[in-house]
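Asks: As given, the protein sequences belong to chains P and Z, one line each in that order. FYI, in my numbering the residues of the first sequence are 805 to 1102. FYI, in my numbering the residues of the second sequence are 14 to 270.
Keep in mind the hints are simulated off the structure, nothing from the lab. The beta-carbon is built from N, C-alpha and C at its ideal position, and this holds for glycine as well. You may find that some hints are simply not true.
[Unchecked claim] The list that follows gives simulated cross-link-like pairs (lysine-lysine, DSSO-like), each with its CA atoms no further than 30 Å apart:
#: 1; chain 1: Z; residue 1: K36; chain 2: P; residue 2: K967
#: 2; chain 1: Z; residue 1: K207; chain 2: Z; residue 2: K85
#: 3; chain 1: Z; residue 1: K35; chain 2: Z; residue 2: K67
#: 4; chain 1: Z; residue 1: K36; chain 2: Z; residue 2: K235
#: 5; chain 1: Z; residue 1: K193; chain 2: P; residue 2: K967
#: 6; chain 1: P; residue 1: K967; chain 2: Z; residue 2: K85
#: 7; chain 1: P; residue 1: K967; chain 2: Z; residue 2: K207
#: 8; chain 1: Z; residue 1: K205; chain 2: Z; residue 2: K193
#: 9; chain 1: P; residue 1: K967; chain 2: Z; residue 2: K122
#: 10; chain 1: P; residue 1: K967; chain 2: Z; residue 2: K67
#: 11; chain 1: Z; residue 1: K131; chain 2: P; residue 2: K967
#: 12; chain 1: P; residue 1: K967; chain 2: Z; residue 2: K35
#: 13; chain 1: P; residue 1: K967; chain 2: Z; residue 2: K235
[Said to hold, decoys possible] From the structure, some residues in chain P lie toward chain Z, with a derived Cβ separation under 7 Å:
#: 14; residue: F974
#: 15; residue: V982
#: 16; residue: G983
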Amino acid sequence: MSPELWVIFTAILAASACALIGAFLVLRQGAMLGDGISHAVLPGLALAFIITSSRDVLPMLIGAGAMGLLTAFLTEFLSRTGRLYRDASLGIVFTVLFSIGVILIAGFAGQIDLDQECVLYGEIAYTPWDTFVVGNTNLGPRAFWVLGVVFIFNIIFISLFFKQLKITSFDPALARTVGISDRLWHYLLTSVVALTVVAAFESVGAILVVAMLTIPGATAFLITRNLQLMLILSVLVGVASALGGYYGATLTNTSIAGFMAVAGGVIFALTLIIRNVIDKTQALSTVSLQKQAITPIN
Amino acid sequence: MTDNRNNAAPIEVHDLTVAYRKKPVLWDIDFSLPEGQLIGMVGPNGAGKSTLIKAIMGLLPLSSGFIKIYGKPLEIQRELVGYVPQRESVDWDFPTDALDVVTMGRYGKLSLFGRPSKEDKEIAMDALEKVGLADFAKRQISQLSGGQQQRVFLARALAQDAVIYLMDEPFAGVDAATEKAIIELLGELKNKGKTLLVVHHDLNTVAEYFDWVMLLNLRLIKLGPVQEIFNNENLRTTYGGKLNLLSEMAEKIGKMP
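Using the sequences and the accompanying hints, generate a full structural model.
Replies: Here's what the structure looks like:
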């Protein structure tokens, strides 16, 4: 397969994996938790590098996953006991963790093959050259396989625990009264978000991860009030953003990741405009129908 | 299910204190509810009515005391208790329909990986029918009126098929016809031997709707049959100096048979 195709497929997988799990964050009014996690995983990645001095996927996932969970725990803890709103707590936790990550990277610069640029913007254009080799077979880019596994894992997680995710998102109090712990599922969902963020991170960077976690779910929410359909539409919007981003960046010779977020933003804006037009037309036709009903027939 | 019920009271609350950031909002609450009664809970705003319901449902940490459901802790008796939260407690823009929300009442009976069966869906549909919303089963919940949303919550509690029901202001924001339909439904549940504790705001209808009444204002003021304890003196203790309201009530109570 050509390098271009590998890049496109990697972008699609990154966007889809984020879109799927991000839809739940949008519904739980926790989209910024994705932002927090995507930054807070940095010290986890740095520590994994320092301790193992390698770029193996597993230590990275563990380090980053632990930091993602720590972010969720600390945020909950602060908003429960520190008399703070949740978003303020999150703002404190993730910026401090992120800064620790920055210091670690700066301090161990010689040993860490990772720079802030890459963390923020990703380097999806280079993914085809970081390949996954088993024996003598080159299976293609490592990022493609990592994201593929995470995407499938997300699908399995959501389908297996659809009812728990739904009830704890809609009515956490009822969930707890019927014995489904809203807190447990909050942390499980957070862990899956952390996993997804780490996988997507390398290719598309922290900023785009937040865009792909939020924009597809938000766009789908404008279109439908059916949860399953919303999840499917989120993935489709993610795929469209990835394609739009790739071709937009190629045409203008700019950043793929940056263009993906812009493409997502444009899709969202168009959807919002169409939604408003439809709602207005419907409202008008309802009014005119009522007028007809009221007007006496002579 | 009946195995768990033995001879204990449906709900026993002992020495309960609940504090919010060290400020107590419920003090020394101590009571047992009688089985098979329709019990209204009244008290002024901020009296801790919702807090008491939530504490019984295990949604709040207790500062002291304990709660037993038919003599055992809530954790092993969850299936016996159905909960109707305040309508405003959820976001009605959530992407789901009425039948789906009612089906959530069955989730507590499903295994970790279990999905609602055909039977669960039928039970949910029956519950919707009982509250008069069968035609709205597939309606998006954002498109239901306030009264319809309230009835969806009620149907969800029915689908739980519990023996004790705790309801937080089920009459809030519903029209007169809906209120009448809801109170009839509560009467039917009572006739089936279920115990119902209902937060209520309208003092005018307490005597008409309920068998027992709980007067609450941070402390438990009184609990007993409406005829015995729903009088001017107890209301004055509960509501303090809100006299205009009380004189109105006194007049009504004076007219009561």
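Asks: If a hint holds in the structure, say so; if it doesn't, say that too.
Replies: How the hints compare with the structure:
1. K36/Z / K967/P: violated (37 Å)
2. K207/Z / K85/Z: holds (18 Å)
3. K35/Z / K67/Z: Judged against 30 Å, a Cα distance of about 17 Å means the pair holds.
4. K36/Z / K235/Z: Holds, because 23 Å separates the two Cα atoms, which is no more than 30 Å.
5. K193/Z / K967/P: violated (33 Å)
6. K967/P / K85/Z: Holds, at roughly 28 Å.
7. K967/P / K207/Z: holds (28 Å)
8. K205/Z / K193/Z: holds (19 Å)
9. K967/P / K122/Z: Satisfied, since the Cα-Cα distance of roughly 12 Å is no more than 30 Å.
10. K967/P / K67/Z: holds (23 Å)
11. K131/Z / K967/P: Holds - the C-alpha atoms of K967/P and K131/Z are around 15 Å apart, at most 30 Å.
12. K967/P / K35/Z: Not satisfied, since the Cα-Cα distance of roughly 36 Å exceeds 30 Å.
13. K967/P / K235/Z: Answer violated: K967/P to K235/Z is near 41 Å, above 30 Å.
14. F974: For F974/P, the interface hint holds, since the closest Cβ of chain Z sits about 5 Å away, which is under 7 Å.
15. V982: holds (3 Å)
16. G983: holds (5 Å)
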